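Put the two chains together into one complex, using the hints given.
Residue numbers (my numbering), protein chains in the order written: chain A, 341 to 564; chain B, 1226 to 1492.
None of these hints come from the bench; they were simulated from the model. Wrong hints could be hidden among the right ones.
As the list claims (entries may be wrong) - Computed beta-carbon distance windows for the label pairs:
(1) B:Glu1286 x A:Arg546: 38 to 44 Å
(2) B:Val1280 x A:Arg364: 51 to 57 Å
(3) A:Leu547 x B:Pro1264: 54 to 60 Å
(4) B:Pro1264 x A:Phe544: 49 to 55 Å
(5) A:Val367 x B:Asp1367: 37 to 43 Å
None of the values given here were measured: they were computed from a predicted structure. Note that the Cβ used here is the ideal one computed from N, Cα and C, for glycine as well.
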Amino acid sequence: MSLDWQVIERYFPFLLGGAWLTLRLTVITTALGTIIGLFAAIARLSRFRIFSWPAAAYVDFFRGTPLLAQIMLIHFGLPQLFGYKPNMVVDAIAALSINCGAYVTEIFRAGIQSIERGQTEAALSLGMTPVQAMRYVILPQAFRRVLPPLGNEFIAMLKDSSMVSIISMEELLFRGMISAGRSFRPFPIWIMVSLLYLAMTLPFTRLVSWMEMKLKREHRREGS
Amino acid sequence: MALVLAVGLLLGLAACAQKAEQPAAPPAAQQPAPPPEKPVLKVGTEAAYPPFEWVDEKTGELKGFDMDLIRAIAEEAGFKADIRNMAWDGLIPALLAKEIDIIVSGMTITEERAQAVTFSDPYFKSGQVIMSHKDAGIKGPDDLAGKDVSVQVNTTGQFAMEKLNDRLKTEGKKPVNIKKFKSTPDAINEVKIGGAVACVIDLPVALEHMKANPGDPFVIGEPINVEYLGMAMRKEDTELHAKINRALAALKASGKYDQIYAQYFGK
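Next comes chain B alone, as it looks inside the complex (with noise of 0.2 Å):
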């Protein structure tokens, strides 16, 4: 046992020693240059929305829309982007927290998430819908008045879901049990199973879905609201906001973005 620490330090004291060595070398007369090293733009994501993210079950890469537009736009403004998938809810405390430098996870640009964040330009236009089970004739918000109804917790679907218990209170009429979910392939579950006769989302989000899973037994209404996404990055980082910003406008202008919007979400 005591052998092998020993031989364990010996090499991290013999690695250590390497690294010491460098800077000691020759000047560069007869090595070309290193490129310098780009600066890491840590990105945080939950990648369970295709088609915004997802994990590939065969390689286990990041996909999706938000993905490739990150990538494009870290090159473009150059950084190196380290795309970690992280839960939902804890997004924006790793954000605060400086464990990541940016959010891009099909979040949506609200006041309240605007007072601890700061976001980017808008980068997609959105709306949330009600995807309900096609036996439980949902025709718009107002029949979901009583009914069990899935989101995914502390998205724009569970804030428009309270917004309208508001207004269905004061109209006396009885709330929606807005179940929350940790994650949206969980709130989707959840109507299949009937333990809930609907949920709201993103209306991306739900025809990926319908489009992935043909067969399950859905309907898509219209969308009840106008939303925008953004990417969220801390307040203090005006440097880095604005060069995402640029390089953003920047992918827009050369054609890039709507390249890889088409891939996503062309006919």
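Excised from the complex, chain A in its bound form (with noise of 0.2 Å):
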């Protein structure tokens, strides 16, 4: 009724190799993220409507609809539109990252939004292009204000990416349910699936907090 010391031996390996794939996933997926959402936040705060506009419906798109029809749209519908071969691992990556910097977008956004003007007139009134005034101004100073919240965004990640499922990925949540059909032993399997899952999460909250910290000790050196 308990714990049974056979399955997880059994099946222990296989969710193993399901979680070094969700761990991948998401790290690939959130960094390509990453880079999409800083680029179309700048774009959704251009004055130059052909920036902005599409940015904004990438956003609405994006967020506004689940990640599971994104998924599907992708892997099974493109093809059937454009008569391609599909590739899962491209379908997946594609799928997630662009999911993920929807939600990026927003994040940069709101962290540049909320560095006061003051900051960016005095950078201009130094003689700096306002691409400069972003770059060596803004952005150091937004990137403190985002950690927190890009750090849930891959915590979320991590976990949204056990839907790249439906398209056949065996990823740790997948290979969960693939043990427990198979061995008809829920309780261990599932334990075991949560424990991996928080093996990488935690880790990693312990270094967002890291990084937060040496940010801010770095800010008080600076003489704010």
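See the structure below:
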């Protein structure tokens, strides 16, 4: 009735393999999503509608529709429309990164906008171009502010990555379902799955706290 | 807000009062006794598997061979069938957790499954087939070595491919890349869009798919095994098990089973 050590021994390596895939997927897609989000946020804040409008549409669409639907659209829908052979890994990374990027866009936008106008004005009055002001004054300060929500987004992506099981990628959660379905022992299987997720999220939250602390100390030293 | 809550509570109390009154009503001198409520048989199925079970897109009803059969069995055994559509992988957990009492979902009788549940007498003879893309040139299981093949997760199609991989390994050939999907339509779709060269599914399901989608570029191979479908129940429900088997036998004897069969599998 309780933890069945045989089951644990038999399925742990299988689940560990799934966790490794989940971790790799999350790291790659969060990295790509952060890059996409940074550029989209700057575009969103641009005076020129040719930049701000597509950026806003992008955010609205990918935040406003379920990730599952996006994955299905990219993997099953696009090949049907354009007639090309799909690649499961490319589709999964694309869907997750684009989705992540939409949320990161709003995180960066809020972060950038939270920096007082005075900073930009001071930078410009020192003779910097708007691009230099953004690059050397605004973004570094904004980055400190967006670190907690970005960390949150990483953890959210770690769990959302389970959605790619719908296109047959064997990440951790799907491997849990396969194992529970083969062994008929849901309790030990799902405990292992949960612990593996925790093993990935906990160190990351510690890392983010450490980074926040480090940046705060540097900020204080610069005599704010 | 408080007023709404107060009204709600009052209505609730009134309803309870109504129910409480009935036992106190005068004994059945004037009123005819209402027919005894039939016990409910909670049936679990994954309705994405024509011709066995599917959801009629116009009416939302659950249709299919399995559905008609269990409704007939329920009537024969004196139950009222309450059929619930669920995810395939959740069926056995739901049965073991007593959310449902019986699984009727094109489920093959396997030794592994029989360790956790008990099956009714077999009610259908089936087999797995390889439905491949016609341009892929797949003639038999051995042609699948090293290729992408889609299956539904935790089905006998998946198990058949896993057995094949064991054999291919001993022969030194490349294993099949088994892509597991949550539902059979997704597995079939994967072949259609070119993500897999073939899928391994039940023969009747493959035939039904070709009937409904004659334009699809598929080729159905010969069955690679023989399987029997059964209705899964909890091991401790021995009474239910006996009732279901009796009802099934009665339907076969009376010809009703053949009638339902002909509807879906008759020429």
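Results of checking the hints against the structure:
The beta-carbon spacing between B:Glu1286 and A:Arg546, approximately 53 Å, falls outside the hinted interval of 38 to 44 Å. Between B:Val1280 and A:Arg364 the CB atoms are about 37 Å apart, so this pair departs from the stated range of 51 to 57 Å. Range check, A:Leu547 to B:Pro1264: about 57 Å between beta-carbon atoms, so the 54 to 60 Å window is met. The hint said 49 to 55 Å for the Cβ distance between B:Pro1264 and A:Phe544, and at roughly 52 Å that hint holds.
For A:Val367 paired with B:Asp1367, a C-beta distance near 39 Å keeps the hint of 37 to 43 Å intact.
Consistency note: the structure conflicts with the earlier hints numbered 1 and 2.
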